[in-house]
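For the sequence shown, my numbering gives the first residue as 1, with consecutive numbering after it.
The hints are simulated quantities; they were obtained by calculation from the structure and are not laboratory data.
Beta carbons: idealized from backbone N, C-alpha and C, even for Gly.
Careful: at least some of the hints might be erroneous.
[Claimed, not checked] Simulated DEER-style distance windows between Cβ atoms:
1. V30 - S79: 15 to 25 Å
2. L162 - V30: 35 to 45 Å
3. V166 - L141: 14 to 24 Å
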Amino acid sequence: MSLPPQRTLPAWADVSLVAALGALQTVAFVHTAWWWLQLLCIAVLARRVFAASVRRAAALGLAFGTAWLGAGVWWLFVSMHRYGHLPAWLAALAVAALALALSLYMALAMAAVARRRAGGWRDVVVFAAAWLLAELARTWLFTGFPWLASGYAQVDSPLAVLAPWVGVLGIGAVVAALAALWARAAAQRGP
1 MSLPPQRTLP
11 AWADVSLVAA
21 LGALQTVAFV
31 HTAWWWLQLL
41 CIAVLARRVF
51 AASVRRAAAL
61 GLAFGTAWLG
71 AGVWWLFVSM
81 HRYGHLPAWL
91 AALAVAALAL
101 ALSLYMALAM
111 AAVARRRAGG
121 WRDVVVFAAA
131 WLLAELARTW
141 LFTGFPWLAS
151 GYAQVDSPLA
161 VLAPWVGVLG
171 IGAVVAALAA
181 LWARAAAQRG
191 P
């Protein structure tokens, strides 16, 4: 079943929206009682990706991931600048480059979701699987960077009971599946 048409946004607005949501979802890592905010942010990302071309979906994934990681690892700037005596501009550039490089996994994942769009519940499975693979790649490949795995934001949520069985990456996949399910349900009701 295909999605009803959603209001289209210009590319810059779409990318800006998901970038803002990527940064906003880091609040769920700090204020763990706000775990639901992450679910909402990822659901909006999923809704935008489900209606996007492959190229736009990649841009959305890149924007979401860069803002998420940039907002979440800002403290590296302090470490590099204050304690490592790196010039401020270079420390800021290093943090931005790290966030951008690590978000390439999310860009590839969202492009894969757009490419494999099948409709219905299969979109939910594809989104959750792509999310899991992106986080797995980010945490393991090229020495990995496991900071800000999405499951960590769920430490005080009802999903925390799954941790002994599926681990932090599994919880992240469950979050992605629930968010995609929410996005599909919202899409069925219309724009």
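A quick look at each hint next to the structure:
1. V30 - S79: 15 to 25 Å: At roughly 18 Å between Cβ atoms, S79 and V30 fall inside 15 to 25 Å, so the hint holds.
2. L162 - V30: 35 to 45 Å: violated (22 Å)
3. V166 - L141: 14 to 24 Å: holds (21 Å)
In this structure, only the earlier hint numbered 2 is contradicted, and the remaining ones agree with it.
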